[in-house]
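Using the sequences and the hints, build the whole thing.
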Amino acid sequence: MSVSVDTPRRVDDFEVRKLRHPWRSVAAVIVGLAAVGVGWVFATNPNMDWPTVGAYLFAELTIRGLMVTLYLTVVSMLIGLVGGTVIAIMTLSHNPVLRAVATTYVTIFRGIPVLVQIIFWGFIGAFFPAVTIGVPFTDIVFFSSPTSALINSTTAAILALGLNEAAYASEIVRAGIQSVDSGQREASSALGMNRATTMQRIILPQAMRVVVPPMGNEVISLLKTSALVSVIAGNDLMTNLQQVYAQNYKVIPLLVVASVWYLIVTTLLSIGQSQLEKRFGRGVTSTLPSRVKRVSR
Amino acid sequence: MVLADNVGKKFGHHEVLKGVDLSVAKGDVTCLLGPSGSGKSTLLRCINHLERIDSGRLYVDGDLVGYRQEGRILHELDDRYIARQRTKIGMVFQRFNLFPHMTALENVMEAPRRVLKEPATEARRRATALLEQVGLADKAHHFPAQLSGGQQQRVAIARALAMKPELMLFDEPTSALDPELVGEVLKVMRELAASGMTMVVVTHEMGFAREAADQVVFLDNGVIVEQGTPSEVLGNPQHERTQSFLSRVL
Ligand SMILES: Nc1ncnc2c1ncn2[C@@H]1O[C@H](COP(=O)(O)OP(=O)(O)OP(=O)(O)O)[C@@H](O)[C@H]1O
Ligand SMILES: [Mg+2]
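Listed in order, the protein sequences are those of chains A and B.
At position 2 of the first sequence the residue is numbered 2 (our numbering), and the sequence of numbers has no breaks.
At position 226 of the second sequence the residue is numbered 226 (our numbering), and the sequence of numbers has no breaks.
Because the hints were derived from the structure by calculation, they are not lab data.
Hints are supplied without guarantee of correctness; some may be wrong.
[Stated by the list, open to error] The calculated lysine to aspartate or glutamate pairs, modelled on EDC-like cross-linking and capped at a C-alpha distance of 20 Å, are:
1. Lys117(B) <-> Asp63(B)
2. Lys26(B) <-> Asp63(B)
3. Lys164(B) <-> Glu186(A)
4. Lys88(B) <-> Asp12(A)
[Claimed, not checked] Just a sample of chain A residues kept apart from chain B, beta carbon distances all over 12 Å, derived:
5. Ala34
6. Ile79
7. Gly125
8. Phe142
9. Val244
10. Leu263
[To be verified] Computed from the model, here is a short list of chain B residues facing chain A with C-beta under 7 Å:
11. Asn48
12. Arg95
13. Val115
Heads up, the beta-carbon is just placed ideally off N, CA and C, and yes, glycines get one too.
Now the structure itself:
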């Protein structure tokens, strides 16, 4: 491929003619024209209103919303990771009760659209007006508070996204745990290690290799899904911009602002993810020269 | 040290062990021979309670494996007690089963640290000594993937010895190795046998069986067909199935 066109490559005494790919050039021209066309339509559309895009791109309320979006993503992902790991371990447990609980959890939280879950948590106060902790069937109450005081829209968003994410993450962690060779568990048992130690010291560290790349995907997907919390006024990027265009009707320019920020963050995350993948795909540690060769191809 | 009394094990309807009687004296080396599928691995795994037996009794060091006997009732032991019983038994696998995310030293230190709760300095000191014993002092900081099969298996032996076992089980420890690497593992096993360790070894290495074993047991189709000293079983087999097996492997 990299042989220059001017000096034809030779094999023994024969000149080698490179295989030509004429359709690639044709495709490139068509795609190029289409891209210019689409770009042109957007750029010159009088409704596009670039000054508005510019005015809101770095506006205080945009940045504040972006921070809330990032916060929602990070906290929900942490809940998802921890919850997902616990559920995965329950799913693989020998205890049938734990298994049933875990399976039910995954069925419910994966089976109901996340939009519905967000609205549910957003309106939880209408369902349970007060949260009370006490001894059931008696008058003993340790703690009682109106639900709305405990769960504001951001908390509701985190609960909805985090609990939903835990269901998805648990499937990833489960696959990771099951990918670890059964000989590892046997060797640990033979050494007298109990189940918890085996899981924590032997199985989970090895499962990480399989778990990390799809988890990167989950973070990106969660970031985008978080835009849905605008339906309960979650104060995130989408909520804030939506509130602006509800007043000034400049829907498209504000959606462009949102898209730019979502694209920037997802692109950064994708770069981070491919770095992680390289690191974990390489083997269990980064100091394994012999393994680098084997796995990296 | 090990006493099997009419031990039976089924997988579904498939009877893998059909009443095995076996006795292994303290300090003795027993070699278990037999064709593929005869139940050798299953018997070892039962001794270590990686499999639960379906009938008969199995004792290690006088203790019933996996159960507690009270009068005529056998109580299943819970995982914690079984784990404690296993610490007395070391096991070496055909495919080594080293922990790939840990160095050789960490592999050996792990169980003493987590199970015996040894302090790190003590665990490290003993692990270093054990690696030296198996001739791998210079490989302590290598990961399993950076070691040859023979070296990995020697680390695995050191790892099992780190729990100070009274009994060592070997399941075809050399059959996953290139022929030129078999010798270094057998050498470590011979030294271990000479040091007085009680060992039960499933192997196809007849040279090892002849030299190191006090007792050779031939298992076929879930029953012990023949047992005795190496010269009896290997030199002058009585049973026709032993004869045909030996003629194939020798
Ligand atoms: N977990 C299991 N479930 C069902 N069947 C099993 C299981 N483990 C072993 N078996 C069956 O039990 C029989 C004996 O197996 P075992 O591994 O003990 O034989 P072996 O003598 O060690 O043979 P090899 O020399 O091939 O290792 C085989 O037929 C095997 O298919
Ligand atoms: Mg076997």
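Against the structure, the hints:
1. Lys117(B) <-> Asp63(B): This hinted pair is violated, its Cα atoms lying about 24 Å apart.
2. Lys26(B) <-> Asp63(B): holds, 14 Å
3. Lys164(B) <-> Glu186(A): The given pair, whose Cα atoms are some 18 Å apart, holds under the 20 Å limit.
4. Lys88(B) <-> Asp12(A): violated, 69 Å
5. Ala34: holds, 49 Å
6. Ile79: The assertion about Ile79(A) holds, with a minimum of 27 Å to chain B.
7. Gly125: The claim holds: Gly125(A) sits with its nearest Cβ about 45 Å from chain B, beyond 12 Å.
8. Phe142: holds, 35 Å
9. Val244: Holds: least Cβ distance 50 Å, greater than 12 Å.
10. Leu263: holds, 36 Å
11. Asn48: holds, 6 Å
12. Arg95: Because about 6 Å separates Arg95(B) from the closest Cβ in chain A, which is inside the 7 Å limit, the hint holds.
13. Val115: Holds, about 5 Å.
Violated hints, in rising order: 1 and 4; the structure is consistent with all others.
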